[in-house]
Structures are given as structure tokens and as C-alpha cells.
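Residue numbers (the working numbering), protein chains in the order written: chain A, 1 to 116; chain B, 1 to 462.
It is worth saying that the hints were derived from the structure and are not from the lab.
Among the hints, erroneous ones may be present.
As the list claims (entries may be wrong) - Between beta-carbon pairs, the in silico distance windows are: (1) B:V179 to A:E81: 41 to 47 Å; (2) B:T455 to A:T100: 26 to 32 Å; (3) A:Q44 to B:V151: 47 to 53 Å; (4) A:T73 to B:A288: 52 to 58 Å; (5) B:D191 to A:A98: 36 to 42 Å; (6) B:T455 to A:Q44: 54 to 60 Å.
C-beta: ideal position from N, C-alpha, C; glycine also.
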Amino acid sequence: MADTEGHTLLEVAVAIALFVTVAAPLGASVVYLQYERRVARDIQALAVAEAELEVALATRVGAGRSYWLEDRTWRVQLSVEHVDARIAYNVEVYHRRAITPIVTLRTLRWYPSATL
Amino acid sequence: MDERNVHIAWGQDEGAALPLTLVLIALMMTLGGVVLMVGSIQYRFVRSDVHDAQARQLAEAGIYEAFARLHDNPHWRPADDTIELINDEAVSITVEPYGSYLWVEALAEAGRSQSTVRVIAGERPPLALERAVVQWDTQSSLNVAGTTSIVGDIVVGERGVVESTFKTERFVGEVDGTVYPVQGLAAPYFDTTAVSLVLAQYDAWARGATSSTPSTAEPGRYALVRARPSRLPVRRLASGYTLSAADSTWLNQPHRVVVAGNLTVQGPLRLPPLTHLLVRDTLVIQGAVSGDDLIGYAGRHLRASGPLSATAQLFSQDDLHLGAGVRLDYPSVVYVDGRAVDAQGRIHLEEDVVVNGMLMHPPQPARPQQAAARIRLAEGSLVRGAVYNGLETEVHGLILGHLWSYQFYFFETPTNYINWLKDVTIDVTQRPQAFALPPLFSPSPHLEVVRWAATDSARVSP
């Protein structure tokens, strides 16, 4: 009886140990990789948003413009609103298949009429 | 080995397996937890980077919103006022004088990120001042003589510009620009109110007024990042004090140095950015002194000699003398008020002085009593920017930019020559494109960033 109990306990212990040593790290790695993917995606999306905004500001994209840029990974929407010599820039970066933006950047510039 | 021993051995195995398994489970769970936590923290970091970028863009938006409001009301001076942007987001804005320029600060939040952007703002030259030369003494023509070369447009009284023979020497220079003779020409617009208030405040501080001086000094690098001209820690020194490298122990962060008398700044010395030297009587700067965004104020005389290399705004009520070897980088301002003294002030640049920025001497309420009340640029001096003078300007040096003056002057035995420019070179095309004036050269100034002073981010508590 003691032997049987001992074997059973050992088997259970080995099974749990195997599960923990194999399955748990595997599961954690999968979750970690998901995080990594999101991190990498968000970093790229931030870089794309900042670059688009910089280009829009440097080229003084005209007010009232709104356009989509799309490539294999990203969709970028830039909208430019003009109120009283102020121009509000709004950049949204989406993953190609997503419907909510990953990064949104908004800023404003002021150009008196003489310089527009 | 008998059966009893075998049983004992199994019993020992049973005892070890369970704790070992538990330890292993705990270890792996911990490992898994750490891995998940690292991933989660990494993700939080990147989201906070996104919030940082959003906060910074909003803060920059606040700077331009402030420019827009200052365009409509140039005397608007909010202090940590919350204003709404056109997209309903809010930023906190501060505008305060920084010498003759403006200090504009915007603070914005996004998520748990907070970003502060600080800029030094100046005014884009109005179109009317894009000329190379403006002379608003309409009593005589502007006489150009010798090798005088003016590249750029000229605005003068209705008597126009005359290419004159000086004694027997014919004019061999050139005027490469359009001449605009204007009937009843007046001084270009300049609202001295803002600068006058600043000088009055500097004077009050130099005389020991304590009403608006801050009481605490924030230590170390934090103070530099958080520095705002009105919040600088104050250091009072005795009259006759010599500021030198020996003071570096406390002068490792910007201060408002106040002296109710005279002060000598003796190089070699590097002053921290934003340092204010406010002196009631005479300020002397000599030796290898350097620094950025410095303010120097003297209630009477300010004298600097080389090798001084700095970005500085130097103010004096009476006279301001820059000796050989002084190099002031853009955006520097050399300003003499002159209205509080009989002599009405003067600015003198010796040979081998370079000013990248502006020389200013605003129009005076009356004609000066002393002939020396003028701006004088000695031969071998250079101004890259602009000269604005409500009195006489005597030019022997080089001006790469603008010269706006009531009159021009030089003396050659035995005659004073009024409104003559002889052997002078003024070239507005050589002025750097990025050039901003101290406000207010127009009632609705078009402000722009002269310098991004600092940007810093912080976390806010949830």
C-alpha cells in the first residue's frame, strides 16, 4: 500500500513537474511574444505617426486636407482643420486590419494670413 | 538490502518528490510571472512613449496657440493659465518677459505623461522693415559717398538718396536696391512699453526691491530644467564684488545676481544659461567669459571686453561699451534706453566686436544735449542683424542686415557730416534667414520661436 501510494504520488509529482516545466514556460513565452509583438507594433506605429506629422508640418499641408495613406502594414489618416489662422493637425495610425487607431497625435500651428 | 530498507528508501523518495515538485512549480511560476511582468512593463513603457509624444505635441500646440493670442493682444501675460485649443484639449500657458524677448511656456498632459515646452519668442520682421536702410530724418537727403555699398532697398524722406562727391573723392560704391522717398516719413513703429517695464523691474531688483523675488532655490539640475526667468534664485552681492571662477560653487546653476552698486565679472568664467546680472550702477565684464541666454543690466554703465563669447541681452540706462574681442551670438540684443539720463545714452562697438542680433536705442523724447549720444560702430566691427536707433548712427564697420536710424553721422576735420554714409557696407541679403526681432515692432506681432529653450517630461500620479 505504501509502495502504491508512493508510486502514485511520484507519478503525480512528475506529471505536474513536466507540465510546469514544459507547458508553463511555453505559455508564458507565447504571452510574452504577444506582448513583444504589440510593443514592436506600437513603436513602429509611433514612429510612423511622428514621421507623418513632421512631414505635414514641414510641408505645411493645407488646411481642409484629409487623406489616407496605406501600405502593407499601416493605414495613416491625416486630417487638417483650419480655424482663425490656426491649423490643427491630427494623425491616426492604424494597423491595416484594425478599426481603432494604435497611435493618435494631435498638434496645432498658427500661421498669420500673410504667411499662408 | 532487505524489504524494510527498501520501504524506507521508497519512503525517502516520497518525502523528497513533493517538496521538489512544489519548489519546481513555484520556480517556474515565478519565472513565468517575471516573463509576463517584463512583457507587461515593456508594453507600458511603449504606451508611455506614445503618451509622451502626445503630450509634447500638445505642449507645442500650446506654444503656437499662445503666439496666436499674443498676435491679437501683445501684452497678454498669462501665468500658468489653462486655455483650450481648437480641438478642445487644454494646455497650461505662461508668458513672461525674457529681456526684450518673450518666454513662452506650455504644459500639457496625455495619459500619465506631462510635457513642458519652453521657448524664447521673437517677432518676425514686419515687411516695412525688410529694407536695408531707413532714415527718417526728412530734413535732408541721404548722401552716400566714397566706397559705400548698400545692397537692399532704402526708405528715406522725400529728398531721396544722393550719390555725393566727398571733398574731391567721387562716389565709387553702389546702391543695389530700390529707393523709396516717402513724404512725412516717421520713425518705424516700435512700442517700448514692454521693454520699459522689464527695465523698470530690473532696476527695482537691482535697487533691492524684494516684492517679487522668489524665496526658494531649487537645487541642482532640477532647477535648470524647471528654470523660468521670474523664478530664478536670487543672490545678492556687495557693491564692488568681483564675480569669478571662485564663485562656481554656487554659480553652477542659474541665478539672479543682484548688486546695489558695481559688479565686475572676471573671466575665465562660464556662466550657467539664463543667468541674470542686475547691477544698479556699473557692470564690467572682462576676460574669457562665456554663457548662453545671459541677461546683463546696468543702471548706468555697462562695459564688456574680450574675449567674451556669449548669447546675451545687455541693457544699460546710460551707455554701453563693447571692447575688442567681444562676440555676441544670435539672438543677442544690445539695448540702451537713455531716456532716464541727460546724455540720452550711447552704444559704442570697438574694432573686432561681433554682434549677431540687434543694437537698439529707441527714440528719445527730445534732441540729445550731448553729441556723444549715438550708436557708433568702429571700423572692423560687425553687426549681423539690425541696428535700430532713434538718434544718430555713426557707421565705420560692417552691417550684414538692416540699419534703421533717425540720422547718420561722421566727423572729418573740420566738419560734422549729418546724414552721410561714407565707406560703409550694408548688405541685407547677408542677414541670416532665421532672424527675429524683439517684440513689438508691429502692433500685432507675428511671433516665432527664436530658440527652443527646454523640453522636459514627467509622470503624473494616477
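Evaluation of the provided hints:
| no. | hint | in the structure |
| --- | --- | --- |
| 1 | B:V179 to A:E81: 41 to 47 Å | holds (45 Å) |
| 2 | B:T455 to A:T100: 26 to 32 Å | holds (29 Å) |
| 3 | A:Q44 to B:V151: 47 to 53 Å | holds (50 Å) |
| 4 | A:T73 to B:A288: 52 to 58 Å | holds (55 Å) |
| 5 | B:D191 to A:A98: 36 to 42 Å | violated (53 Å) |
| 6 | B:T455 to A:Q44: 54 to 60 Å | violated (23 Å) |
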